[in-house]
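J.: The primary structure of each chain is shown beneath.
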Amino acid sequence: MNDAQTIAVEVIGIEQVTPQIKHFKLAAVAGGSLPVFSGGSHIIVVMQGADRIHKNPYSLLGSPQQLDTYEIGVRRMEESRGGSHFMHDRVVIGSRLEIAHPVNLFGLDKIARKHVLIAGGIGITPILAQLEDLHGGGVPYELHYSVRSAEHAAFLERLRRREGDRLHTYYDSEGQMIGFETLLATQPLGTHVYVCGPAGMINHVIATAKACGWPDSHIHWEQFSAPPVGDAFEVFLARSKISVQVPPDQSLLESIEAAGVEVPYLCRGGVCGFCHTRVLELDGDLIHNDHFLSEADKAKGNSIMPCVSRAHCKRLVLDL
Amino acid sequence: MSAVFNLHETFRDDFSYRNSARAIRRFPLPFSEDSYMYSVNIEPHLPGPPGSVTEFAFDVDEHYVAECRERAIVLAAEPLRYQALPHMMSSQWDCLELIMESLARDYPTHFSLAKQGNRWHWINRPLQIDQHFTFGDTATLPRQPLDYITRQAQGDFVVMDQREGDLWTEAGMVTTQADWSLDFDLGMTFKEWHGPVPLAHELGVFDRALKFLLNLRLGQPVRRLNWTMTIHPRLDTSPENYPQWGTDRATVTAQNAGDLVHLRVELQGLWRLPRSNAIVFGIRCYLVSLRELATVPKWARRVHRVLKDLHPALVDYKGLTRYRDAAVEWLAPFDDGSPTTPGTAPE
Ligand code: FES
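Protein sequence lines correspond, in order, to chains V and B.
The numbering used here puts the first residue of the first sequence at 1, with every later residue one more than the last.
The numbering used here puts the first residue of the second sequence at 321, with every later residue one more than the last.
Read the hints as simulated data drawn from the structure, not as lab findings.
Treat the hints loosely; a few may be bogus.
[Claimed, not checked] To be clear about the criterion: a stretch of chain B counts as covered by chain V if any three or more of its residues have a C-beta under 8 Å from a C-beta of chain V, and this derived list gives those stretches:
no. : region
1   : 565-574
2   : 588-596
3   : 645-654
[Said to hold, decoys possible] Which bits of chain V does chain B cover? Going by a derived footprint, with three or more residues having C-beta under 8 Å, they are:
no. : region
4   : 12-25
5   : 29-38
Just so you know, these numbers come straight off a predicted model, no measurement behind them.
Just so you know, even glycine gets a beta-carbon here, dropped at the ideal spot from N, CA and C.
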C-alpha cells in the first residue's frame, strides 16, 4: 500500500452496539462521496496515537450503494496492542482519521448458484455488506449468525428487518450451535460458503466442507488476526543493515515501519500474503499467527508474515 | 488537448490513415535501448507529461473519430466482437463510469457528464451523442453499458472477473486486436490467455504478473507497453480475418517497406473496478509507418538495431518472419552507427 493515497475522514457517528462493539460512521473530510466498493471489502484505518501509529484493518459493513459514509464495527480486543482501544477510548465524534482505498479479499463469487454465509460475533461485519450486494440479485442465500447471547448480537435489528427468514441466529448462552455437518452436507451443487468469525469456527467450517467434498474454490473465509502481544525480541534487517527492537505490544511490521523501512502490505491481518518476508537466520522459534502460509511452510521456518507473526529467539535476520 | 480529428482517414481499403508531425513526436516508442527482450515492465499508470499519450487515463487523439467509425464497421459485420457473460453486468457499469468520468474530466471541450443521483446526462461532441440515462438501469441505454461506452472509446477492452485466485476473461470489446480473438478466449484464465508468448513462461513472468494483478488496488491503475508490426495501418488483424491480411506480408520489399510496414504499439492499462471487483484491461493501439518513424533520426537508428538483433523466437511469435529483413534493409540507410541517447524521447 502506498500511504500517500490515503483519504482523510471524520467520525460523524458512534454507537455502542454491544458491550464490546462500537459502530463508527466516517465521512470524507473533503466532502462528497467516498470510493465505490464491493461487499466483503476492508479498509486500513490509520490512527495517530500518542507515541505510535496504529494501522488496523476493518471491514466495511454499510451498503455499497451509500457512499456518503463508510461504516465499520470495532470490537474491543482484550489484549489489544492499542488499535481497538484507541478506537474505543480516544475516538470521538469529530475525530479525524486516515483510511486507505477499500480492498476486497472476501468477495462473493459471481457465478455461484447459492451463497451460504456464516458469521461468528464481530465476523458479521463484512457479511453485512455482502448481503447488500445480494439483495435483489436473484441468487438464493442464507445467513447463519452465531453469538454469545442476544445482547452480543450486533446489528440484529438491521438483519431481522432486511433478511427475514433467511436469517438464522444461534445463542451460545442458550446452548444453540450451528449444525455445520448437516448444513454443509445438504447444499445444492454450485453453492459457495463464506465464513468470518473466530479461528475455531473458520477451521471447523473449512474442515467440514472439505469432508463433505466441497471444492476449495467454493470455500471462502476471512479472519483478520489482530497482531497478538508477545515477548520482546530483536530483528536484524539484512538489506537495510539495521537492528530493530520489537516491544511486546507492537507488531513486527509496525516496528520495522517505525524504523523507516517499508514493507508492502494489503491487509495487515495475516490474510493477503503481501508482506511475506524471507527469514535468513534464526536461532529460536517463529510464532506464526497468519492464515496465509501452509502448515508445511510454517514448519520450514524460512519465511514469516510480519504483520501478525512474531519470534521467540535470540537472533532473527530478515531479508529486508 | 483539443485534438483536431482526421475525420476521413481509413484503416482498410485505401488505408488513408496518417500521423501528423505532432502525433509522430508523441508516439509511444516501446524501446528504451537498442535491443529488446520480453518483460512484463508494469508501471503505475500515473499522469505523464502534458501532450504525452499517458497524460490522461484514456488518450483521445487525432484518430478518435475515425477509430470509432472503424469499430462500427467491424461490429456491423461481426457482432460477436463484443461479448459479455451475464454475471459481468456490474463490471459493465463500472467500465462505463470509469470511461465517462475520465473523458469528461480530461477533455471537457469534447465530453461532458452531469449527474443527478442515478440520472446521468452524457454528451460526446465529436460523435454528436447526447444521452440521458439511469445509471444501473440497462433499459435506459440503447445497448449494454460496455458495448455502449466502448463504441465511443479508442482501443480494445477486456474485462476479467476475479475468482478462485485467478482472472477470467469474461467480457470485452475487441475490434482492433493484434491477432487474437475474444470469441476464442472468452472464459479463459489469465495463464491460458497468455499461453502462447514464447520465453515468457520460462522467465516466470506470468506467475508474477498474475500475483501482481490479483492484488491490483482500487485507485492505483497500472500500465505497460507491448508491440508488434502490421502491414498497412490495419487495426483489425484478427485471426477471423486472416485471409484478408495474412497475404499482405508477402508484398513487402526493401523498396516499399517504409510505407507498408507499421510499428504497432499497444498501451495496455489495467484498472481495478469498484463494484464488481473485476479488472478492466484496456489495449490502446498506436500505428506508425517506418517512413513516419524515420522522421525522428534517433528512432530510425534504434528501431533498425532492435529489429536486426531481435531474438528469433520473438521474430516468429510476432509474425515478422516474412518481412523483417526487408524492414531492416529499408531502415539501414538511416543508421550511421552513431550512438542513441538513453530513453525513448525523440532526441
Ligand atoms: S499484510 Fe496481508 S498477510 Fe501481512
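J.: A separate judgement is required for each hint: does it hold in the structure or not?
T.: Status of the hints after comparison with the structure:
Remark: the region 565-574 of chain B is not confirmed as covered by chain V, as 0 of its residues place a Cβ nearer than 8 Å to a Cβ of that chain, below the required three. Residues of the region 588-596 of chain B lying with their CB closer than 8 Å to a CB of chain V number 3, which satisfies the three-residue condition for coverage. Chain V is given as covering the region 645-654 of chain B, and this is violated because 0 residues of the stretch bring a CB closer than 8 Å to a CB of that chain, at least three being needed. Restraint check on the region 12-25 of chain V versus chain B: 0 residues with Cβ-Cβ distances below 8 Å, three needed, restraint violated.
Only residues whose beta carbon comes within less than 8 Å of a beta carbon in chain B count, and the region 29-38 of chain V has 4; three or more means the coverage holds.
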